[in-house]
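Enquirer: Here's the letter readout for the chains.
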Amino acid sequence: MNTQAPAAAQSAPQADAQQPPAPQETAGAPLLGPGETPKIASRDVHVHYGEKHAIKGVNLDIKENEVTAFIGPSGCGKSTFLRCLNRMNDTIDIARVTGRITLDGQDVYDKRVDVVQLRARVGMVFQKPNPFPKSIFENVAYGPRIHGIARGKDEIEDIVMSSLDRAGLLNEVKDYLDQPGTGLSGGQQQRLCIARAIAVSPEVILMDEPCSALDPIATAKIEELIDELRENYTIVIVTHSMQQAARVSQRTAFFHLGNLVECGDTEQIFTNPQHRLTQGYITGRFG
Amino acid sequence: MTDESIKKAEHTVSAFGEDLQKLTDMIVRMGGLAEAQLASALQALARRDSELAGRVITSDQRIDEMEQEVHAFVVRLIALRQPVADDLRNCVSALKIAADIERIGDYAANVAKRAMVLNQLAPVRHIAAMPSMGRIVQELINDILDSYVERDVRKAIDVWQRDEEVDELHTSLFRELVTYMMEDPRNITAATHLMFIAKNIERIGDHATNVAETIHFLVQGTPLRGRRPKGNDQDYSLTTRQPAGEGTE
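Protein sequence lines, in the order shown, are assigned to chains A and B. FYI, the UniProt record's numbering numbers position 103 of the first sequence as 103, with every residue one higher than the one before it. FYI, the UniProt record's numbering numbers position 163 of the second sequence as 163, with every residue one higher than the one before it.
Hints were generated in silico from the structure; no laboratory data involved. Keep in mind the model is a prediction, meaning the values are calculated, not measured. All C-beta atoms in this analysis are idealised placements derived from N, C-alpha and C, irrespective of residue type, glycine included. Careful: at least some of the hints might be erroneous.
So the derived label-pair ranges between C-beta atoms look like this [claimed, not checked]:
hint: 1; chain 1: A; residue 1: Asp178; chain 2: B; residue 2: Ala72; range: 55 to 65 Å
hint: 2; chain 1: B; residue 1: Arg227; chain 2: A; residue 2: Ser162; range: 33 to 43 Å
hint: 3; chain 1: B; residue 1: Asp152; chain 2: A; residue 2: Gln250; range: 32 to 42 Å
hint: 4; chain 1: B; residue 1: Arg29; chain 2: A; residue 2: Glu66; range: 39 to 49 Å
hint: 5; chain 1: A; residue 1: Gln243; chain 2: B; residue 2: Asp152; range: 28 to 38 Å
hint: 6; chain 1: A; residue 1: Thr182; chain 2: B; residue 2: Leu80; range: 37 to 47 Å
hint: 7; chain 1: B; residue 1: His71; chain 2: A; residue 2: Gln106; range: 28 to 38 Å
hint: 8; chain 1: B; residue 1: Leu80; chain 2: A; residue 2: Gln127; range: 20 to 30 Å
Looking at chain B on its own, in the form it has when it is part of the complex (with noise of 0.2 Å):
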């Protein structure tokens, strides 16, 4: 039997490759929907829509099912197949792929959440960096949700790479917002919910890569090694920081 074939065959007891293919198929709809949960928490932030806000908010129980679903799945899989190698290793991908993605719902809820109290709030100065940073983030699900329906541990690490714009973004979003504040402290509020949007935003990244590296070791076996490029290391020190000993009482 050559290399291919055997890459490509099917369990001999059908049933179980058909759990396993439904398991992915679980993963990509909960992924797709907490992406298409991100998009909707953006759009109603950048749109000031509260009510689309809202349906995000209800919608990120589904997501939460979702993972509850994947949990039962995977227990039920190991108790009656009792899954080796890369099968064992795809069930206990799909649970921590399933957590992440979770998370990433939550973080997505928490964005459309504040958007919705800053939509009482009078509207801010545009901020140049967040559309970016969600739309850099948004890219990072989709394609590590490709990735892992294609089993490309390359597209993988592509992701776990990007992710440093993402880190740098958030830290210059950081600088920007501060700054508003000192200009004017009304702007404190609206710009303290910003800072913590992109927190979120910032997280979701996070977990995108926690996904990559879960993918590398559904595919290869082995962890995936070395230390994540981070941007400037998250230098939070602003450029207007006052010397020393010039504080205000």
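Only chain A is shown next, with the shape it has when bound in the complex (with noise of 0.2 Å):
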């Protein structure tokens, strides 16, 4: 029953002047049970953006192997929040980030980490599809070529063309590989930009927002895609499309001002959240 959702609300009042305002209790289940390691776990992490207080204090658990699913309005933090995963905010100057997060139990944001290694092992994929000016070949032979993950040129073309089968693209575009990247479809650049992520055999693949530029034919083959990689990648994806949160995830967390309100079976989110401010939001009545 809907012990969490009076429980999560209540501490909303009392975070009061005193003190910086306390993180919301998270409704569901946002860690995972005894027994069960995270591929990432982080733990009361805060993101600040100069003043702005923009991640207050996330606990979340992310499960290897799965489909986790990041919803949220506008500025709620989710996209903010995806970034911290592989450190992608370090790029901003004012961007502060506090807490910590690990990728199998080592911590991320420790200074021994290359964050160039980080980001090999935490691919990450944009809204609008940003393949480099380069043939197709290149975009994907790239990565493992900076990253020295092949040597000859023969084991290069096989880690490019695995890619891009595993992308789903690979019959689409075998007799144009020489071509340039920006000339595909939308929905092909984005699974080019796929395929030149799981190229240098990444364990974390982050999304944000992967098919918000495409139409829904291309959406559903890249939802198709995701569903497959979950076999062999942990995929953490940042979307508006409730509907699609809905088809590809396992996981749903839900993020509100800056505050993981609620993370659980995708199956519970969506027939019975526990707080009712995900209930309003995935219904429709705010956001």
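Assembling the complex is the task here: the two chains are given apart, and the hints tell you how they should meet.
Expert: Rendered as structure tokens:
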């Protein structure tokens, strides 16, 4: 029954003057049970953009080989939090991240961590497909080359072909590998970006609204791909489409005003959310 | 945003909210009609009013039509609005409740049909349990519809539990009728019809408890658990049962 929701709601008014606002208690099951090891674990993560407190104490576990969807209204912090996971916020001068994020138990904000290596392990696909102004082949070959993953020409070619294949693009482009990647359709470009991300054998793929610039058919292909990729990768996807979150993810996390309001099995979130805010958002009552 | 303001918040797409309200109104109208049908059927029985019974039988068609309207409306809502969470439970619950109300209407019509047959026969002795059973079931329907409109789970659970009284009355009525039949075999035809009528009324109570369970799911998102209390576990055995082996040929 709805025992979680009132508890979480009541914690909000306690955040008063003397102390910085206490993070909202998250409804549902943001953390995995004992005996389950998260791929990524976040504890009390705060992000400040200058004065703005963008993420307020997020505690969340992300399970291996699952798709976790982040949903929430614009400005709720879902993309900001996603970008913490592979330290993309490092590139923003005024951004300050505190708390602890671990990948396989290893602190990703540890000084000794090589950010380039981290981003090879935790790849990213963006909202707008952004292929390099190079050939299709070079787009995919670039990562393995700079990371020194492949040695010979044959090995590079193997990686490019298998990545394009896993991204569901090979059949469409195999005769045009020397053509510019920018000449492909939007959906193909996005799959090229996914191929580029998986070419460096990441463990986690972060996707920031990967389908928002695509038509329904291209979207369906990406969603099918996400479902296949789940077997080998851990995927975190930020999406504005609640139907997409419902279709592709196993777990859903709902953010609002920098708080992680609720996290749980996607099925439960969309049939019986525990928190009123979650219910209000997914049923289209605010946001 | 506070907890309360979210609870009361309207859908951003106001037509969606209006559709859901319309769905609730459709169910309430349908329930109101079924309630009136049962009242008329019981009245036709008590007053030996065949004309009224006839009207109940023909009016049942309207409830069937309303159920079809609810079905069509819910299918349209799901297709066009893709409801989730409480909105989805609203839609699914409307389908289930409409089906229960449709059955209630059928039972009311059955009572009316048998009342017409009874009116052709000589009047039987006053059956004490029948009016009280009818009255309780009418209250259950009335309360369950209130509970649906108010989304009041407590009231729904109350209905769910009160159905026990109906079951108990049904059992005692069964015994009473069997006694009359044994007293005078000429009563058998009328008493049998009355027995079916009692069974129909008892079934209406069961459908009210189904609706109670649906309301629980609608509001809480979880099934109503536990075993519903049942009077004497429907012990139809008769106090005058003959010892084994002494039966007639």
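Enquirer: Decide, hint by hint, whether the structure agrees.
Expert: Here is what the structure says about each hint:
1. A:Asp178 with B:Ala72: 55 to 65 Å: Holds, at about 56 Å.
2. B:Arg227 with A:Ser162: 33 to 43 Å: violated (58 Å)
3. B:Asp152 with A:Gln250: 32 to 42 Å: holds (35 Å)
4. B:Arg29 with A:Glu66: 39 to 49 Å: holds (46 Å)
5. A:Gln243 with B:Asp152: 28 to 38 Å: holds (32 Å)
6. A:Thr182 with B:Leu80: 37 to 47 Å: holds (38 Å)
7. B:His71 with A:Gln106: 28 to 38 Å: violated (56 Å)
8. B:Leu80 with A:Gln127: 20 to 30 Å: holds (28 Å)
The structure shown violates the earlier hints numbered 2 and 7.
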